[in-house]
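Chemist: One-letter residues, chain by chain:
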Amino acid sequence: EPEVTQTPSHQVTQMGQEVILRCVPISNHLYFYWYRQILGQKVEFLVSFYNNEISEKSEIFDDQFSVERPDGSNFTLKIRSTKLEDSAMYFCASSEWGPEANEKLFFGSGTQLSVL
Amino acid sequence: ELKVEQNPLFLSMQEGKNYTIYCNYSTTSDRLYWYRQDPGKSLESLFVLLSNGAVKQEGRLMASLDTKARLSTLHITAAVHDLSATYFCAVEPVSEKLVFGKGTKLTVNP
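Order-wise, the sequence lines are chains A and B.
Taking the numbering used here, the leading residue of the first sequence gets 225, the next gets one more, and so forth.
Taking the numbering used here, the leading residue of the second sequence gets 3, the next gets one more, and so forth.
It should be emphasised that the hints constitute simulated quantities derived from the structure, not laboratory data.
Treat the hints with caution; some may be incorrect.
Distance windows between CB atoms, simulated [unchecked claim]:
1. D286(A) with T75(B): 20 to 26 Å
2. G42(B) with S290(A): 25 to 31 Å
3. K302(A) with Q16(B): 34 to 40 Å
4. G42(B) with N276(A): 18 to 24 Å
5. K307(A) with N111(B): 37 to 43 Å
6. T79(B) with R304(A): 30 to 36 Å
7. V236(A) with V82(B): 18 to 24 Å
8. A80(B) with N276(A): 44 to 50 Å
9. R304(A) with A71(B): 43 to 49 Å
In this text, a Cβ means the ideal position worked out from N, Cα and C, and glycines have one as well.
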């Protein structure tokens, strides 16, 4: 079965550094998402992306965050200046038709980001 | 703001027993999802419930949705150790984001 792949699986960085988390969504999917899960807490929505632009974002997704689809396959999340509280598991997800089609999301295996 | 409440948050049960996990949500939504997460792993989609009265079953798990009561249940029948995981419900209001509950950590003991 096709799957969403994320790299790296673990990322350790110093506070204030920039990080880029990478995702390769399922190839025929058109809607892309980032979620995060702080250890022991619930999964939280960050941003959704369709047609090369952000379609919705949460209050967590402030000016330090950005997303990009630099080519036909990758979908990236950049954090410009990481803070300790950015430490979390970041999940990328994709779907073929989006929420109006009542589709489930396919999640990647996540990138564990640790900010020291 | 949509709130999604799951209970219990922790559940320890014996193999062979039945139990139900509950998911309440605070505003109208016709879309509810159940996900399973194994430790350190991603979220695996279990069920998508799209209408009032929807019931779906897969193996020992059965999910239902009552949109009037704003309640979904995940029923476990004759639990086995392999079902040990954290189970999340997630609700999708009229937007593109899923709002997750805090999860129910299920441990099935031999």
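Chemist: A separate judgement is required for each hint: does it hold in the structure or not?
Modeler: The hints, checked one at a time:
{"no.": "1", "hint": "D286(A) with T75(B): 20 to 26 Å", "verdict": "37 Å, violated"}
{"no.": "2", "hint": "G42(B) with S290(A): 25 to 31 Å", "verdict": "27 Å, holds"}
{"no.": "3", "hint": "K302(A) with Q16(B): 34 to 40 Å", "verdict": "47 Å, violated"}
{"no.": "4", "hint": "G42(B) with N276(A): 18 to 24 Å", "verdict": "32 Å, violated"}
{"no.": "5", "hint": "K307(A) with N111(B): 37 to 43 Å", "verdict": "40 Å, holds"}
{"no.": "6", "hint": "T79(B) with R304(A): 30 to 36 Å", "verdict": "49 Å, violated"}
{"no.": "7", "hint": "V236(A) with V82(B): 18 to 24 Å", "verdict": "37 Å, violated"}
{"no.": "8", "hint": "A80(B) with N276(A): 44 to 50 Å", "verdict": "49 Å, holds"}
{"no.": "9", "hint": "R304(A) with A71(B): 43 to 49 Å", "verdict": "44 Å, holds"}
Going through the hint list in order, the structure does not satisfy hints 1, 3, 4, 6 and 7.
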